[in-house]
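Top to bottom, those sequences are chains W and U. Counting the first sequence from 1 gives a position; my numbering is that position plus 175. Counting the second sequence from 1 gives a position; my numbering is that position plus 6.
Read the hints as simulated data drawn from the structure, not as lab findings. Built from N, CA and C at the ideal position, the CB exists for glycine as well. Treat each hint with caution, since some may be false.
[Stated by the list, open to error] Taking lysine to any residue pairs in the SDA-like style, the calculated list, with each CA pair at most 20 Å apart, reads:
{"id": "1", "chain 1": "W", "residue 1": "Lys492", "chain 2": "W", "residue 2": "Gly417"}
{"id": "2", "chain 1": "W", "residue 1": "Lys400", "chain 2": "W", "residue 2": "Phe388"}
{"id": "3", "chain 1": "W", "residue 1": "Lys293", "chain 2": "U", "residue 2": "Pro321"}
{"id": "4", "chain 1": "W", "residue 1": "Lys293", "chain 2": "U", "residue 2": "Pro320"}
{"id": "5", "chain 1": "W", "residue 1": "Lys255", "chain 2": "W", "residue 2": "Gln210"}
{"id": "6", "chain 1": "W", "residue 1": "Lys400", "chain 2": "W", "residue 2": "Thr278"}
{"id": "7", "chain 1": "W", "residue 1": "Lys293", "chain 2": "U", "residue 2": "Met88"}
{"id": "8", "chain 1": "W", "residue 1": "Lys580", "chain 2": "W", "residue 2": "Leu383"}
{"id": "9", "chain 1": "W", "residue 1": "Lys580", "chain 2": "W", "residue 2": "Pro395"}
[To be verified] Footprint (simulated), chain U over chain W, 3 or more residues, beta carbon under 8 Å:
{"id": "10", "segment": "233-246"}
{"id": "11", "segment": "288-299"}
[To be verified] Calculated from the model, a selection of chain W residues having no Cβ within reach of chain U, i.e. all distances over 10 Å:
{"id": "12", "residue": "Asp254"}
{"id": "13", "residue": "Leu265"}
{"id": "14", "residue": "Gln267"}
{"id": "15", "residue": "Glu268"}
{"id": "16", "residue": "Tyr518"}
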Amino acid sequence: MTIDTANPLRAGLRQERAAEPCTVVIFGLTGDLAQRKLVPALYNLHHDRLLPGAFAVVGTARGEVDDAELRASLRAGADKHSRRSPSDELWQELDRRLSYCGTAGPDGYAALARHLDKIDETEGTGGNRLFYLATPPSAFAPIVKSLGEAGLNRPGKNGSFARLVVEKPVGIDLESAQKLNSVLNSVFEEKDVYRIDHYLGKETVQNLLVFRFGNAIFEPLWNQKYIDHVQITVSESIGVEGRGAYFEHAGITRDIVQNHLLQLMCLIAMEPPASLDADAIRDEKVKVLQALRGIPIDRIDEETVRAQYAAGVVNGKPVPGYREEESVSPESRTETYMAMRAYVDNWRWAGVPFYLRAGKRLPKRVTEVALQFSAVPHRLFGHGTRGLANTLALRIQPDEGITLKFESKVPGPNPRIRPVTMEFRYGTSFGEQPPEAYERLLLDAVLGDSTLFIRRDEVEESWAYIDQLYRGWGQDGGVTALPEYTAGTWGPAEGEVLLARDSRIWRRL
Amino acid sequence: MSVDSVSSVSAIEAELDDLWRGEAHGDEAVLRSCVMNLIVVCADRNRAAETTTQIATLSGSYPGRAILVLLDDDDDRDSLTMYASAHCRRGAGGAQVCNEQITIEAGPKSRALLSPTLLQFLVADCPVFTWWQAGNAAENPLARELTGLSELFILDSGRFDEPGRSLATLDRLVDQADCGDHVRDLAWKRQEGWREAVAAMFDNAAHAALLGEVTSILLRTGPPAAEGCTSVAGAYLAGWLGSRLGWTVENGTLRRPDGEAVALRFECNENAGWEEIDAIRIEAGEGAVFGARRLGGGGDGVRLRSRVGTASSPPSIQRVGFPDDGRLLTRVFERPGRDPLFAGALELAAGIAAGENEA
């Protein structure tokens, strides 16, 4: 519910839909995510006049927090991580709207309820609440249950809203995801649950839909008739960065593939939605997940590759191997690299392999989707052309943009052919500085637009697919050591073999 | 007028090709990206020099071909003087992105050569944006030609001589069927933040209900270029408010749809900057007051306050900004579509400014 119709002055302005008055309650305000992402995002939304006039932020944590220290650390976080340097006057305004309420003890959530009621009175926030769980996943269910017990899940008087934002990961497998989702849905209606995959907040990811369905020239070619194969890469140059304990349980498959990579695949493979309505888009994404071909256990080694990074050099500096990282077992079998061949068994994609790879300590940070078009039916120019001449590459980060490769004649009397690239770069075509993903997602949650959030069935379908991989990988009883790749390289030789068997190679990124 | 413009255009194109070759170093790619043709028309050299700097800044985010036209009344040559240059900067991923600039100097005797020469220089299949900085566009034949040629015709009525006359002539220009939809006024764009701030005071449904009962508006602005206190900025803000609420203006008097008059008063704040709105105070119904006032200290925030009867809302601060011309241009480029609010607000603003001038 928005109030745009009540205010004729909003019509035609940059933000026609004014966000309703609202209190954002951040669980884990003292944590890394809040300091690095959420508070800077709130500042930038405030700077861009996108927050409602009546607005408040309440931080919670279980421990005692010194008010002055908290404010100083949030300001320091904003100074360090905001895309804009905060101005004193705007920061003071945000700071004024910020308060802290501990939730420890048996009366903790009742105290939070009273605190929020008081804010409604003083700030005019109208009983609207957005609960943001920026905590470790283990705290999700207890917090949600407590919110329910305190009645904070129920819309208040005058049709106010109570929404819940949940960070990834939602579960570590299908069973745990279902269990957590059941808790979430026992307290909040599904329409009020906003599961974040911050990749969907990136401008370039949102542009995938515009690129596909806003242009007439690509979609007719976007199918098995014209596309030879698809490569999706999410590579990071960093290692586990102090998150060894978490990563040991997750691995790259749970950390990146189950969410970011499968979401990208859905956006590339989905059918055109009937509208831009949140559920229309999410329905189409779910259909892609449902069409993913299962991998039989006896074929898991042919269709997937897992590996761990060994010591090497990244960004000119020597780095340790994964099993030498802090909080990582020396006998660890957790994968830091995963590549696979997937198929979407439907009319559009029948027989087209999707090669997916994700890894840590690869040479650079790159996220890219590349569609390799089929060869021309007859090689008119003989050996001068390589057959697979056309590649459409969609670069998600960094250097966001789109390139199209095609063959061109080299000037001169001989019919020499050489590939050339037509390049579009966001940074040189738009003056507008794109907002951070969290700015867009926070604003959408405040506005009640769930398009860029993951629905329960999406989460569970993707876990169902990932679970079967783990079942296959678990057949050896956990005794086989994973192959290694040197940090700073593009992964193990087995990753190259995965494509070489199909007479293909990974794109050089 | 005996210039061989075709060979001159060829020479300039050849010069640009040389510049591109000169910018290429080793294996590093030079991106020749073109998202627009930007024609800028200036009437004095100082402004042309400032504009060249702004074009260079724009090139990082809006690469294309800029054609800077300097109309020099003291130039008695019968030919156009033309030269080419390039602005290069590091773009996304460290690649070098370059922007072309062609400068054309025209005196009174060579002005007839301008339009055909401009046509030859336009990069094909790229939109044409004209930034007019040479006085009152409504009364200039070149401006009329350029409005027909351009997807966007951008001017700044805040820099015209008198607000009343300039807004009236701009209103006529916009009314002309062949160009009305693509005229953009930086003076209007400059007040975007203020419009959002004023709108924010009425997001509360109870406050919005009082918009039909507005009785008076006080607008305090920085001194305009001309005498009096009616700045283009002030007239636009009042015009926008009135047009959204269905008001009319007659002999300088604003009337609500129910026929009741709305008292409009302008005040000058000598300490506020040119075309800068300093404060607005809106009274409505029985004792409701809504006010927004720029914070001191050179910041770009305003403090919003409201009181309805005895109930006061907590004050809040919102950023309104005062963007420079380069930033305003990028905003125009970012949203080049028709601005549905502009024509209605201009019509009312012209009536307000004309009425104030008569008073």
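- Item | Broken hints, by number | Result: hints 6, 7, 10, 13, 14, 15 break, sorted rising.
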